[in-house]
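Engineer: The primary structure of each chain is shown beneath.
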Amino acid sequence: MSSMMILLVLKCLSQIIFYCICFAFQMQTVTIIPGDGIGPEISTSVIKIFEAAKVPIQWEERNVTAIKGPGGKWMIPPEAKESMDKSKIGLKGPLKTPIAAGHPSMNLLLRKTFDLYANVRPCVSIEGYKTPYTDVDLVTIRENTEGEYSGIEHVIVDGVVQSIKLITEEASRRIAEYAFEYARNNQRNSVTAVHKANIMRMSDGLFLRKCREVAENFKDVKFTEMYLDTVCLNMVQDPTQFDVLVMPNLYGDILSDLCAGLIGGLGVTPSGNIGANGVAIFESVHGTAPDIAGMDLANPTALLLSAVMMLRHMGLHGHAKKIETACFDTIRDKKVLTKDLGGNSKCSEFTAEICRRVQDLD
Amino acid sequence: MSAARSVLSLSKILQPWTGLKGSTVSVMRPVMCTRREKSSYTPPPAKYGGRHTVTLIPGDGIGPELLNHAQELFRFCCVPVDFEVVNVDSSLTSEDEINNAVTAIRRNGVALKGNIETNHNLPPSHKSRNNLLRTSLDLYANVMHCQTLPGVQTRHKDIDIIIIRENTEGEYSSLEHENVPGVVESLKIITRVNSLRIAEYAFRQAREKGRRRVTAVHKANIMKLGDGLFLQCCKEVAAGYPDITFDNMIVDNTTMQLVSKPQQFDVMVMPNLYGNVVSNVCAGLVGGPGLVPGANYGKDYAVFETATRNTGKSIANKNIANPTATLLASCLMLDHLGLHDYASMIRKAILRTLSETRLHTADLGGQGTTSEVVQSIMKEVQKGGPLTSEKI
Chain D
1 MSSMMILLVL KCLSQIIFYC ICFAFQMQTV TIIPGDGIGP EISTSVIKIF
51 EAAKVPIQWE ERNVTAIKGP GGKWMIPPEA KESMDKSKIG LKGPLKTPIA
101 AGHPSMNLLL RKTFDLYANV RPCVSIEGYK TPYTDVDLVT IRENTEGEYS
151 GIEHVIVDGV VQSIKLITEE ASRRIAEYAF EYARNNQRNS VTAVHKANIM
201 RMSDGLFLRK CREVAENFKD VKFTEMYLDT VCLNMVQDPT QFDVLVMPNL
251 YGDILSDLCA GLIGGLGVTP SGNIGANGVA IFESVHGTAP DIAGMDLANP
301 TALLLSAVMM LRHMGLHGHA KKIETACFDT IRDKKVLTKD LGGNSKCSEF
351 TAEICRRVQD LD
Chain V
1001 MSAARSVLSL SKILQPWTGL KGSTVSVMRP VMCTRREKSS YTPPPAKYGG
1051 RHTVTLIPGD GIGPELLNHA QELFRFCCVP VDFEVVNVDS SLTSEDEINN
1101 AVTAIRRNGV ALKGNIETNH NLPPSHKSRN NLLRTSLDLY ANVMHCQTLP
1151 GVQTRHKDID IIIIRENTEG EYSSLEHENV PGVVESLKII TRVNSLRIAE
1201 YAFRQAREKG RRRVTAVHKA NIMKLGDGLF LQCCKEVAAG YPDITFDNMI
1251 VDNTTMQLVS KPQQFDVMVM PNLYGNVVSN VCAGLVGGPG LVPGANYGKD
1301 YAVFETATRN TGKSIANKNI ANPTATLLAS CLMLDHLGLH DYASMIRKAI
1351 LRTLSETRLH TADLGGQGTT SEVVQSIMKE VQKGGPLTSE KI
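So the sequences go chain by chain: D and V. Position 76, counted from 1, in the first sequence is what this note's numbering calls 76; the numbers after and before it change by one each time, with no gaps. Position 55, counted from 1, in the second sequence is what this note's numbering calls 1055; the numbers after and before it change by one each time, with no gaps.
Please note that the accuracy of each hint is not assured.
[Unchecked claim] In silico DMTMM-like pairs for lysine to aspartate or glutamate, Cα to Cα no more than 20 Å straight-line:
1. Lys1209/V to Asp1266/V
2. Lys1313/V to Asp340/D
3. Lys1261/V to Asp340/D
[What the hints assert, rightly or not] To give an idea of the chain V side of the interface with chain D (calculated C-beta under 8 Å), a few residues:
4. Leu1132
5. Gln1263
6. Asn1280
7. Tyr1297
8. Lys1299
[Claimed, not checked] Here are some chain D residues the structure puts well away from chain V; computed CB gaps all over 12 Å:
9. Leu7
10. Gln26
11. Gly72
12. Ser87
13. Thr134
14. Ile167
15. Glu169
16. Glu170
17. Arg173
18. Asn189
19. Lys196
20. Val231
21. Gly265
If you're looking for bench data, these hints aren't it; they were derived computationally from the structure. C-beta: ideal position from N, C-alpha, C; glycine also.
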């Protein structure tokens, strides 16, 4: 009996010592999902750069091909879910959306599994990658679970289709709170709610009301409201007037891609998805580019910048700044650039250059 | 050299309106009037003594002052149009005033309007007046022609896009309900009849104006049934126009392409909400809300206004608003009435004034006032000499 007690105590002690060591070295686990197409190459690039920057992260690689769980419902593999639940932070490469595979898109599955309710996309002009728009520095925060993408559609009679846009109080409040907290934690000055309440009085009206209520608790952040069309109009004329934008699903989809287009496209835009229970998955939003997969031609910038966003979320600001500076310096110098950025270097050369700069910055 | 260039650019802009796009025009030869080559539409009959009567709805914000300038300009140019002014007070909750306006437009067939403000803090029973007007008159097609204008500094050059937007259904059906407290459902309705109608309109316009390509904008990967139906209808109509290329693009990709390479688009057709987004993006690309006119066409009626439908509350009555969009909209109205000579004359004057950077209003980065711009337009009209039947 006492020997069992001693064994139990020893087990507890070893666990405590293990966690203490982990804490001492502050090694955090991050689940990495390489994805399909160019996913594995760019993930390898990011891991290499993180090693060069000596970031205290240990990676756990997982695959998320859909499998049919008990009851016939499609779900992600249990190892992937377990890993994410433990580490709470994930980095994801592009996932292929299968056509006629019988299961919904993987992105949708991930979103449902972890209740990823906020999609955050910071759009900052990259010095060295010229676009007609300079000095863009805004963040789009998009509600990711409901709205126009509820997927509820009916054919009422032949030739008449009804799509339902769902707006709930709970989801609107949650996204508004996240937006204001993000603004506060990242030293942003204002939050603008984007809506179309003049036409969709009840639904966008509810969203707007919730934003207004939450704004009352965040008096240090300025709150404004603007119609979707006015935002679009002003965005293409003068994007510098915007700071943080919060909006329902469809407007967020359109506006976040619009802003990505302002800074140079999906190949250089980071993105993060925040879920309930502290889960956060950061991803690159471009496609899998199957035509250049495996040829060492891919541009890892989007995934790298998403990883930098992840570091900031984890509180590792020093490392984040180092890697980001190295990446931007490389692009600004224009000596080693991948094909889509206007150069003709390989992915590995681009990665090596960033690693070199990171080590120089130490 | 620069004079020749400006004449060339002016003639390039006037070509689409005169329906001659695709034919070569030399710099020295003046643009020919194409009264004979326009569409087979017959304008509404002029009432008394060869004069047309048009309903005028001043609206809110900058609407009243800019429409006053339009009336002034018409008087100056002796345009045979009389305006029947119908005021719609946006603060009243009764729908009598907007119904009166609708009756007036039914009577006259054509209207010129400013935007009527919608206070979105009022309860949902108070519907948007502009929307009510559009649905009552079944103005199913909203047409906006975005072109790079001479003299206006923009980030992108050589833009020439026609946007045709379904104007009556889609997300703007105003059908919302709250079944459970805290959960609101808004219905987006897409019907086969309206989708076919707008697609037919788009392809017909493309053919009439000599355009090569029609792009349908949608989100059918997510809204499979709704936008799927819209896309299906467009494909069906496209089969009847083999001379015009038809392709489609998802709306988020479209906005991304618009800000990086807008020159790739020709004619675009889309449901209501995407039309709102895309037309505002395009208006921003060519210089802002003060420059682009818009038209709403139905089977029997037509209403002309600025393309982006802004009230401009903050700049109202300060004499700084840009009258170009409203005046170009009135030119579109004159074209619709069959008064092409007057339309070309006024349009030429507007574009000549626009190339004059000293007279740019604040939205274009200048310091000119509205009245200065209108005076300059009148001077340009006068310079052109009296309108005779031989002259354009």
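Engineer: Against this structure, judge whether each hint is valid.
Structural biologist: Right, here's what the structure says about each hint:
1. Lys1209/V to Asp1266/V: Judged against 20 Å, a Cα distance of about 11 Å means the pair holds.
2. Lys1313/V to Asp340/D: Status violated; Cα separation ~44 Å.
3. Lys1261/V to Asp340/D: holds, 15 Å
4. Leu1132: The hint is violated - Leu1132/V has no Cβ within 8 Å of chain D, the shortest such distance being about 11 Å.
5. Gln1263: Given a least distance of 12 Å, the restraint on Gln1263/V is violated.
6. Asn1280: Hint on Asn1280/V: holds, closest Cβ of chain D at ~4 Å, below 8 Å.
7. Tyr1297: violated, 20 Å
8. Lys1299: violated, 19 Å
9. Leu7: Label holds. Min Cβ-Cβ 53 Å, cutoff 12 Å.
10. Gln26: With a cut-off of 12 Å, Gln26/D remains clear of chain V, as the shortest Cβ separation is near 39 Å.
11. Gly72: Label holds. Min Cβ-Cβ 21 Å, cutoff 12 Å.
12. Ser87: Fine: 30 Å to the nearest Cβ keeps Ser87/D off the interface.
13. Thr134: violated, 10 Å
14. Ile167: Answer for Ile167/D: violated, closest chain V Cβ roughly 5 Å.
15. Glu169: violated, 4 Å
16. Glu170: Since the minimum Cβ distance to chain V is about 7 Å, Glu170/D lies within 12 Å and the statement is violated.
17. Arg173: violated, 10 Å
18. Asn189: holds, 21 Å
19. Lys196: violated, 8 Å
20. Val231: Violated, since 8 Å does not exceed 12 Å.
21. Gly265: Per Cβ check, Gly265/D is inside 12 Å of chain V; nearest 7 Å; violated.
In summary, the numbered hints that this structure violates are 2, 4, 5, 7, 8, 13, 14, 15, 16, 17, 19, 20, 21.
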